[in-house]
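> This is what each chain is made of:
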Amino acid sequence: MIPYIFALILVLLTIFGTPLFAVILAFAMLGFHYQGVDLSVIAIEMYRIADTPVLLALPLFTFAGYVLAESRTSHRLVKLTKAFIGWMPGGLAIVAFIACAFFTAFTGASGVTIVALGALLYPALTEAGYRDKFSIGLVTSSGSLGLLLPPSLPLILYGIIAQQMDIGKSVTINDLFLAGIFPALLMVLMLSFWSLWENRRNPIPCEPFSVKEAISALRESIWEIPLPIFVLGGIYGGYFAISEAAAVTAMYVVIVEVFIYKEIKISQLPSIMRESMIMVGAILLILGVALASTNFLIDADIPVRLFNLIQAHVTNKIVFLILLNILLLILGAILDIFSALVIMIPIILPVAVNYGINPVHLGIIFLANMQIGYFTPPVGMNLFIASFRFDKSISELYQAAFPFMIVLLVALLIITYWPALSLFLIQR
Amino acid sequence: MNEQPRKSFLERFQMIIEHVEDSILVGLLLLMIVMAVLQILLRDLFSTGIVWSDVLVRILVLWVGLVGAMVASRQGRHINIDIMDRYLSERAKIVARSVVDFFTALICLIGAYYGLRFVQMEFSVGGRAFAKVPSWLCESIIPIGFMVMAVRYSLLFVNNFKKIVESKS
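Heads up: the protein sequence lines correspond to chains Y and L, in order.
Counting in our numbering, the first sequence runs from 1 upward without gaps.
Counting in our numbering, the second sequence runs from 429 upward without gaps.
Chain Y with its partners taken away, still in its complex shape:
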């Protein structure tokens, strides 16, 4: 009885806004206390943060993302994509999807895509003749597009947590990076086709391809184009480990934005560093205490019990995946992505592996759900950011984002029930 009362109190504290690290920490403390384990074990578990070499990628990529978000990279990215893709039918919408996907992959889906890119794309879209509702929906739903593309932080974090789990199968971040590429492409493709179809009665005139524009756009972003090549080429060419790619990226981005483009003053750097490390601190603290609570969960055989419980009712893998999708969509709307990963992966991953789901595939499913959760009514975070940024009512945004959500839900179903789409690049 008493454990249930504690659990209820913790749930209440959580919904009234207690920092999640404190909730998880309290949970781990209670758990270890009931098992008769000295609570110092929590500090020992937290120290495992210092035993995880890939974690270095987290602060470094976050910092690089903050620097990019502070400079005019967003302008150059839109100009570049427009110059090369803008001539196609539905060009500008496709430009928006691709630019957002790239930007989110590097900056993390923290709402910065909507603020930085949405502010450029929304006026551009309406000016080109797209309906207002369509444009705002596009910008809102694209704010989390690109979560599945390397080097997105949630992908890295999923890999790190999965590696701590000891589930008998290796989950490398390299594999996760590869696995996300085609699902992300599928999403962009489906969204592009949908926006063509949506605007079939409202044809937007195509702008002709201009060599001059293209060259000027290339020239402007010449220093930023190598970034994706660094990251992907460096990692898959075998030159860098992921943490090293992050270090090089961080250094490179600072040199380019501060000394070449001169868009960030050196005096601004400390505050950018501080802001980015506050975000890293919040994530790492949750990760640290979650390492402890995960240890308790495993000691107490909770994943096994949970599996047996679910197995008694759900024998079919497909049904399990449907239920999983529903659960994750709800969680994605309520929790921010990092907490969702840290709290749910230790519980879900062992169960899913027992159902025969590939852990890399599970990661892609998980993040695809989270991506949609970002703008799922009633509480998806990006809805509020867009509402605030573009001065629209929340109910307007619900309506505007809804069709995009349906398209992405179909994409999610394909991603979920067609594992090969995620896995064929890594099944050597």
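Each hint should be verified, as a subset may be incorrect.
Partial pick of chain Y residues on the chain L-facing surface, computed with a CB cut under 10 Å [as the list claims (entries may be wrong)]:
no. : residue
1   : 17
2   : 35
3   : 39
4   : 40
5   : 60
6   : 247
7   : 254
8   : 258
9   : 260
10  : 271
11  : 278
12  : 284
13  : 377
Treat the hints as calculated values from the structure; they're not laboratory data.
Predicted model, so just to flag it, every value in this text is computed and none were measured.
Heads up, the beta-carbon is just placed ideally off N, CA and C, and yes, glycines get one too.
Go by the hints and put chain L onto chain Y.
Chain L alone, transformed into the frame defined by chain Y:
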């Protein structure tokens, strides 16, 4: 924030502490970037490397994380779920917040106590993390971090509690 003249010493003290904290955070990140890049350059250009560099960088990740968490706790900027916030009256919000801050401070305090015990144990065992740096020193950031956060959330609690008392009178 009000009663400015009386609080000025405390405020100045707080500002200095915050400034020191910010500088440490920025310094740790800079060191991390430089060490990580240096290691790559040494390896690729001169096929050499600093033996303890990898360990140092990994410990820096922990330190950056906890110092960042300390800074985040200044204004209570830790990740939370605030679904109930929209449905509460102003007064209820302040009450809820003071309960939440009190609870968080308490948990951090317990975390700091057991963190300290862990560091004490490591101190008596003795062990080196890298070069000549002892392990307990690297681990000490865990109790320090929790202690600072406990103080910060206590202050947030006191502030909210004051508001409750003031609104009653």
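> Output the indices of the hints that this structure fails to meet, ascending.
Hints 2, 8, 9 and 13 not satisfied by this model.
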